[in-house]
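Asker: Those protein sequences? They're chains A and B, same order as listed. Heads up: the first sequence begins at 1 in the working numbering, then just goes up one per residue. Heads up: the second sequence begins at 1001 in the working numbering, then just goes up one per residue.
FYI, nobody ran anything at the bench for these hints, they're computed from the structure. Where hints are given, some of them may not hold.
[Claimed, not checked] One-sided excerpt, in silico: chain B residues whose CB lies under 10 angstroms from chain A: (1) F1055; (2) K1059; (3) A1119; (4) Q1140; (5) H1143; (6) F1145; (7) D1271; (8) K1303; (9) T1454; (10) E1485; (11) S1504; (12) M1512.
From the three backbone atoms N, C-alpha and C, an ideal C-beta is built for every residue, glycine too.
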Amino acid sequence: MEKINLEEMKDLVLKYVISEYVEDEDEKITFDTPLISSGYVDSFSMVSLLVFLENRFKIKIPPSKATPEAFDSVNNIVFLVNQYLK
Amino acid sequence: MKDYYRERCKDFDWSIPEEELGYMEGNIINIGWYCSDRICLKGKAFNIALNYEDFGGVKKEYTFNDIRLAGNTIGTFLRKLGIKNEDRVCLFMDRIPELYFFFLGILKIGAIVQPLFSAFGDESLYVRLKNAQTRAIVTQRKHLFKIRKTIDRLPDLEFIIIVDHVKNRILENKEVAFHLEELLPIENFDIFPTLAESPSVLHFTSGTTGQPKGVKHVHYSLISQYLTTKWVFDLRDDDIYWCTADPGWVTGTSYGIIGPWSLGMTQCVLDAGFSARTWYRFIESYKITVWYTAPTAIRSLMKAGDEIIKDYNLSSLRFLASVGEPLNSEAVIWSEKILGKPFLDTFWQTETGSIMITNFPGMKIKPGSMGKPFPGITGVILDPKTYQPLNEPGSVGLIAFKPDWPSMMRGYWNAEEKYLEKFVNGWYLTGDRASIDSEGYFWFVGRDDDVINTGGHLISPFEVESVLLEHPAVGESAVVAKPDEVNMEVVKAFITLKPGFTPSLDLELDIMNYIRKKLSPVAMPQYIEYMENLPKTRSGKIMRRLLHAKEWGEELGDISTLEED
Chain A
1 MEKINLEEMK DLVLKYVISE YVEDEDEKIT FDTPLISSGY VDSFSMVSLL VFLENRFKIK
61 IPPSKATPEA FDSVNNIVFL VNQYLK
Chain B
1001 MKDYYRERCK DFDWSIPEEE LGYMEGNIIN IGWYCSDRIC LKGKAFNIAL NYEDFGGVKK
1061 EYTFNDIRLA GNTIGTFLRK LGIKNEDRVC LFMDRIPELY FFFLGILKIG AIVQPLFSAF
1121 GDESLYVRLK NAQTRAIVTQ RKHLFKIRKT IDRLPDLEFI IIVDHVKNRI LENKEVAFHL
1181 EELLPIENFD IFPTLAESPS VLHFTSGTTG QPKGVKHVHY SLISQYLTTK WVFDLRDDDI
1241 YWCTADPGWV TGTSYGIIGP WSLGMTQCVL DAGFSARTWY RFIESYKITV WYTAPTAIRS
1301 LMKAGDEIIK DYNLSSLRFL ASVGEPLNSE AVIWSEKILG KPFLDTFWQT ETGSIMITNF
1361 PGMKIKPGSM GKPFPGITGV ILDPKTYQPL NEPGSVGLIA FKPDWPSMMR GYWNAEEKYL
1421 EKFVNGWYLT GDRASIDSEG YFWFVGRDDD VINTGGHLIS PFEVESVLLE HPAVGESAVV
1481 AKPDEVNMEV VKAFITLKPG FTPSLDLELD IMNYIRKKLS PVAMPQYIEY MENLPKTRSG
1541 KIMRRLLHAK EWGEELGDIS TLEED
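Bound-form chain A, shown alone (with noise of 0.2 angstroms):
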């Protein structure tokens, strides 16, 4: 895949997340917003995340380490999607 910088990755997943699991317009989402624990993707909805992150970036990240911490921001998820990138 195309090479891709960490702040392009935070700025794409950012979309990513505001497009599909936020819908109220007022919601203000950063790279830090608390994504699992205040409730916008729940433990289901993360599958879907996962095979988002690993179609886009072509990876895969093992489940155990696909854990509510890891997924909580999209700070995290960069930092996770990183350690698998080639």
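Chain A is already provided as a structure; the job is to place chain B on it using the hints.
Answerer: This is chain B only, laid out in the frame that chain A set:
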């Protein structure tokens, strides 16, 4: 601990809780009053009823007098809107304090509470509001977009009550703002004189076929909910209770509101998504003593590892129980080893309204067993062909109960025929299979139908298949349960594509998100398998059974009716 089971089964009568609650046949019985006013009258007005914390750590505390006044104020507000007894008022919001207060307020005016899981998508919401002919819905701003998508198709819905409206936003059609703190607390309130058989709560549940069914409960259900809470959890006056269930589901109302508050217990509510650390910290902070949760949550805690538990002081925990799906023996053994006490399994359903089979305090625990019927409950295993009780220990059959306990459902809303189908030879059929051992313990085997139990949520394959067919790429669909380590089962969809579409990971994600938004995250297929053709009978019916067997590694059984290519 003393074995109370034998003692309490002896000479059991439902007059025991009636007397404790001061209820006599023919009296007024109103759950809203019993859960607030009565507790205040018993001298607990300034005891804490609710310790609330949100995901950001914001804490709120309410006494029984606070919740009594809130219920009165909400009742007055609803009456001013013209809401009257037996009108359906839907609660569609996260676990915020207003949800609990509205629950009481709606019941106090004799209206019917219709709680719905706030993660439901617009289609799930629509079918349930339409079926119940709901007159008002109470919600938060964050869920408004789903209601606005359905409102044109819901002529009976007159009011959308928003509990966190901000003044710079425009209220649209039928929308009403509500702010508890801006209203004068109502001290004296004329509670509607509901009787034992007056309808109280309408929870929706899914079956294999057809649309979800509204399960009608009545105010008399309190008798069962009060006693089962008291006896199963062995509650004491100084207990701090935490039921982790969302009030969108029956556990969250029977044991997350009615049971504990009718006993005057302090309960805690955490409005935050699951994480092991958050939960352990919550238990530590509030010194929770009695904890009622679900096997999926326990397995998620096990998955998070035992190391992190050492960072928290969980010594306050005195009693642990579980509900929603079968509790595997590994989870019981884990909790005994790590938390120092076992989780006790309880079994019941939306329809039963209260716990039916349980591991009673003090009873010998058999890890993996459901336990024994609650005192006063006649539970049996029926032969699936003759519907006669099977008396041979270990025989597998249908779990059935003699429908004579107070919280049994009184019907399915607008679905009398479906309701009657649940009874055979005077037995209520649960739709679950089990066996009974020589000591009277029940052992769960599985569902007797195609309903999927994922993390304690029942999902109708029919409902998911129907919405899958609305996706532009999907030609045919069949939905089955797939075994899952944490959630017990998850949804798997087999689909064929319409001409012009080709299988891809992007399409798979698009289909998953489509179901998630239309129905709910729990109904979203976590696995999608593309097929050229689905297996069908010669008459063209999709053989879901074969796909299920494939997922579970079971024998395919009779395939003589399978369509030949």
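Asker: Checking each numbered hint in turn, tell me which of them this model violates, lowest number first.
Answerer: 2
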